[in-house]
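> Protein chains in written order, with this note's numbering: chain E, 276 to 899; chain U, 490 to 796.
These are calculated hints, taken from the structure and not from any lab test.
Predicted, not measured: the structure shown is a model, and the values here were computed from it.
There's no promise every hint is true.
[As the list claims (entries may be wrong)] In the SDA-like style, the derived pairs of lysine to any residue whose C-alpha atoms are separated by at most 20 Å in a straight line are:
hint : chain 1 : residue 1 : chain 2 : residue 2
1    : E       : 651       : U       : 795
2    : E       : 790       : U       : 694
3    : U       : 542       : E       : 776
4    : U       : 542       : E       : 789
5    : U       : 538       : E       : 780
6    : E       : 651       : U       : 641
7    : U       : 538       : E       : 781
8    : U       : 542       : E       : 781
9    : E       : 604       : U       : 770
10   : U       : 542       : E       : 782
11   : E       : 598       : E       : 803
12   : E       : 604       : U       : 492
13   : E       : 726       : E       : 302
14   : E       : 790       : U       : 548
15   : U       : 518       : U       : 500
16   : U       : 555       : E       : 607
17   : U       : 555       : E       : 784
18   : E       : 790       : U       : 544
19   : U       : 492       : E       : 765
20   : E       : 798       : U       : 548
21   : E       : 726       : E       : 554
22   : E       : 651       : U       : 643
23   : E       : 785       : U       : 544
24   : E       : 651       : U       : 787
25   : U       : 492       : E       : 798
26   : U       : 538       : E       : 786
27   : E       : 868       : E       : 880
28   : E       : 785       : U       : 541
29   : U       : 492       : E       : 762
30   : U       : 542       : E       : 784
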Amino acid sequence: MRFFSFYRGYAVKMINIPLKQFFLFDPLSLFFLSVIFVVSLPAAVYSVGYLRGGYSSAKITLSWFLFFVFILSMALVVTVSNALVFLVFWEIMSLVSYFLVVFDTNHERSVQAGMIYIVMTHIGTAFLTAAFLLMYKHANSFDFLAIKNACQTMPAQTRNIIFILLLIGFGTKAGIVPLHLWLPYAHPQAPSHISSLMSGVMIKTAIYGLIRFVMFILGVDSSWWGILILILAVISCLVGVIYALMEHDLKRLLAYHSVENIGIILLGVGLAMFFLSVNMPYLAVFSLIAGLYHLINHAIFKGLLFLCAGSVYKAAGTRDIEKLGGLIKKMPQTAVCFLIGAMAISALPPLNGFVSEWLTLQAFFLGAANAAGGAKLFLGLCAAMLALTSGLAAACFVKAFGITFLAQPRSRYAENAREVSLSMKAGMFFLAALTIVFGLAAAGIMKLLAKAAGAATGIDTGSMSFSLNNFILSPQVSRNTYLSTPLLALALAALGIAGFGIYMAFGRQKAIACKTWDCGYYKLSPRNEYTATAFSKPLRIAFSFFLLPYRKTRKIRESFYLVKSFTYETHTTQVFKKYIYDPALALVLKSAKSLRRMQPGSIHLYIGYIFITVLLLIIFMRKF
Amino acid sequence: MMKIAVIILQLVLFIVFAPFLSGLIAKIKNNVRMRRGPSVFQPYYNLAKLFSKGQAVSETASWIFKVTPFVVFSSMFAAAMFIPVFIFSTSAHYLGDFLAVIFIFSLGRFFLALAALDTGSSFGGMGSSREMFISSLAEPVFCLVIFTLFLQFGSTDIAAFSGIHPLSASSVVAATALFLVTIAETSRIPVDNQETHLELTMIHEAMVLEYSGRSLALLEMAAYVKQMIFFFLVAQIIFPIAAPGLSGLIPSVLWILWYSARIIIVAALAALVEISVAKMRLFRVADFLGFAFILGIIAVVCAILGV
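Produce the complete structure using the sequences and hints provided.
Dropping the structure here:
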């Protein structure tokens, strides 16, 4: 009976605990909640059309269930205020997303991708658990605020260890190079609306974790934290975009761009950490605003691009862009949506990606103005690398859009493609509209982001101004720098109309339709078109030191003079997989193999094991 | 209203003067080669001819192909609004700053590269691929040059030009780096060759190969404007010059003469480079721009040291 009353008392105690104690609704959490819902709403609408016809009704029901658990777990991850509860929801999020990755179980690649994903994500969780336990050791509590207080008195060495553990743990989820390996496998294999959630939102929860635990709870006091994140971010940007350029699978290409964009987001976050450590609150908040702005922008345009890629996949049945082409005529609305997304991710004005990359560049410049000699050069080089990244991203999306949607269809798949259903288009157009809104309404959004950034860094942003008036946003410097996207859009539109005016000013023009020039051969076929492989060749050669391209050519000749057929094969080497992951995996498998000798299948041996174990336990109990 | 009038005046002056620079460069090149060559006004004749001609549009092309001339025109002229070439006004600086100019340039380039792929010709694909290759490597150099100016002046505002120290080491090195970018961006030898239609070498010409008539005229105009912007930037970084005090007729005239002479000097320099070096292989352009990048870093270091 005593046991029972104890149990009952415990139960009552559980109920009495107010929910508020477990939740935290500061502006930072609210910001991430809005990121989650802004992408999951159109993804849900989209999935109605996307799932129809491809799956059985039981599977569709399962998909809806998993979809909602996934969104709920992400929403809880960004709002709980207890490290242990955080970890539980973090695990639920990872597991549910694993089930969504392997949703198409009939594809062997899905199962393999799921395997890589679940292993990598658990390695990350292990590091997080270690970090949380270390924090618990000092704070004797899992509550965020209690840990935050305890962290003030923590020795520097422990803080550094916790930072590294958190960086690896969250870095795995975010896909920072070299922990990005799972990302290009797992994201493309999930159904497209899930891909858009994973790339658009799920990896952002890792950024949330980094901001919440490192900036908010741990507090940044050594400048090398920020510098380390900046270096990793620059590497992620470049590696992500270079791999994306070499990729011909539309969804994998987008997944590599997620690696790149996480890098750009982390440039803002790392810069904010750097400024916090050198005690420059205005710049810290400004950089974090730039990072958070890119975060929500990336959620929007990457969500959009994945939905468009899903439409292409659904309509054409392939994701290989070398087999596509000419889709702009078959699927005009999807093409418009993809074009808007491609322009946004290439940072073209006046769309949203442009604003956040501009802000990030400004953050670097402003930081350099206030830093000493060596740091100036470092920040300048980081800014230059960001410019290189955005140039390469533009090249990649010229390739992705040009090869997929323009010219003539390269295969029957593309020829038979038809425009997708209304619900899918609705999801895409919603995000495309948001892409434009987040570009034009930059000034107002920046004010909202200032609150989230203030909450994250613990800086009072009330006295700081991040905007001149409703239309013009500007960094606060001695000589003001302006950017006004609405005015810029107006100027571009007016000049475009002026161009059209000049065009029409010379009266009606005779225009004839003719064939594309093919040196007078008049038999231009899709085989004459430039391919994605050819398009990226100059960059493959320029970055050959990193990509280690390998090619094989084979000619089958009828006679010496007549080549009957010619095969050309080219691959790039996945440096990280080949030189880091494969050896590590081989080591694990080898040691597992040698351990297997313990298990030869003989029952006598197993009884012997049990006997020895019991014996050892008895000795152990006696001794200690 | 006044501000808008000033901006429009500047754009009109751009349309009027930009083609002249191309004619001038062609003339210099021909004269050095001991040829007579066409008149310096040939680009104007070409534009007039193209505007009066009919147009042939490929059957495979989509609306991207038709809309691109306007987008390119609009983005290059928008960039021209930012550059205080003729009139020292800061009227356009509410729109954006130098960094925004990088992105505005890439808007036009993005569409031009797409239009080149749109017709389904391999030439277009080649041009598109090469253009994106070169421009993406040129972008970090441009960024470093702006960074150098920023370190000297403390802002990326377009008025930054008035704060440049004339002929300081960092300005000269930055201008040299920008000059190399200019060669790449305006498709001149040794990166590209405007005079040829040989498929192995052409880049810009390959992208506009399918265009004819007025669409081509708009694209050519945009290219002239882009070239003028780059020449102006190089000239302004080496020989910065402030707005005139307008104290009497003769100083004003001298000011205007020196103002335009600087741009012509840069154009002449580009012409001399074109006739004195051979075109390099496409893949060597990476080294060329890599060198420009190193120059950019040196410029930043000089600016940090304050020289």
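> What hint numbers does the structure not satisfy?
9, 12, 15 and 25
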